[in-house]
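Numbering-wise (the numbering used here), the sequence shown opens with residue 11 and increments by one.
It should be emphasised that the hints constitute simulated quantities derived from the structure, not laboratory data. Careful, some of the hints might be misleading.
[Said to hold, decoys possible] 30 angstroms max Cα-Cα, derived DSBU-like pairs, lysine-lysine:
{"no.": "1", "residue 1": "33", "residue 2": "44"}
{"no.": "2", "residue 1": "44", "residue 2": "68"}
{"no.": "3", "residue 1": "38", "residue 2": "68"}
{"no.": "4", "residue 1": "68", "residue 2": "33"}
[Said to hold, decoys possible] Pairwise CB distance ranges, derived in the manner of DEER restraints:
{"no.": "5", "residue 1": "24", "residue 2": "69", "range": "31 to 39 angstroms"}
{"no.": "6", "residue 1": "62", "residue 2": "26", "range": "33 to 41 angstroms"}
{"no.": "7", "residue 1": "61", "residue 2": "38", "range": "17 to 25 angstroms"}
{"no.": "8", "residue 1": "23", "residue 2": "54", "range": "49 to 57 angstroms"}
{"no.": "9", "residue 1": "74", "residue 2": "25", "range": "24 to 32 angstroms"}
{"no.": "10", "residue 1": "47", "residue 2": "78", "range": "15 to 23 angstroms"}
{"no.": "11", "residue 1": "64", "residue 2": "38", "range": "19 to 27 angstroms"}
{"no.": "12", "residue 1": "32", "residue 2": "73", "range": "21 to 29 angstroms"}
Heads up, the beta-carbon is just placed ideally off N, CA and C, and yes, glycines get one too.
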Amino acid sequence: MASITTNIALNTHSLSNVFAQIKDRAVKLYMYRKTVSELRSLSRLELADLGLNYGNIKSVAREAVYGA
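Start from the sequences, fold in the hints, and give me the full structure.
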């Protein structure tokens with residue numbers, strides 16, 4: 011009986027980890043898309059002031075959200 015209770019507890023814990031990972035990925039994807047959108051709304055001069063250009067917006071957003 012103790013074995014069944016332990017297995018249920020472990021499965022519940024691992025299931026909550028799966029949901030936490032899904033939520034984390036969804037939040038990061040949202041942040042990535044929002045960052046790309048905001049950077050694309052800037053003019054070329056504003057991007058240049060930040061040391062950026064249109065060609066590297068996605069890589070800069072990816073690094074900002076997901077790390078190096």
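Tested hints:
Between residue 33 and residue 44 the CA atoms are separated by roughly 16 angstroms; this keeps the pair inside 30 angstroms, and the hint holds. Proximity of residue 44 to residue 68 is assessed by CA-CA distance (about 11 angstroms); at most 30 angstroms being required, the pair is judged to hold. Between residue 38 and residue 68 the CA atoms are separated by roughly 14 angstroms; this keeps the pair inside 30 angstroms, and the hint holds. Distance restraint check for residue 68 and residue 33: the Cα-Cα separation of roughly 22 angstroms lies within the 30 angstroms cut-off, and the hinted pair is therefore satisfied.
Our hint of 31 to 39 angstroms for residue 24 and residue 69 holds, since their Cβ atoms are close to 34 angstroms apart. The hint said 33 to 41 angstroms for the Cβ distance between residue 62 and residue 26, and at roughly 39 angstroms that hint holds. For residue 61 and residue 38, the Cβ-Cβ distance of about 24 angstroms falls inside the hinted range of 17 to 25 angstroms, so the restraint holds. Remark: the range hint 49 to 57 angstroms for residue 23 to residue 54 is upheld by a beta-carbon distance near 50 angstroms.
Checked against the given bound of 24 to 32 angstroms, the beta carbons of residue 74 and residue 25, roughly 31 angstroms apart, stay inside it. Hint check: residue 47 to residue 78, Cβ distance near 22 angstroms, so the stated range 15 to 23 angstroms holds. For the pair residue 64 and residue 38, the supplied restraint of 19 to 27 angstroms holds, since their beta-carbon distance comes to about 23 angstroms. Between residue 32 and residue 73 the beta carbons are some 23 angstroms apart, a value that agrees with the proposed interval 21 to 29 angstroms.
Of the numbered hints given earlier, the model fails none.
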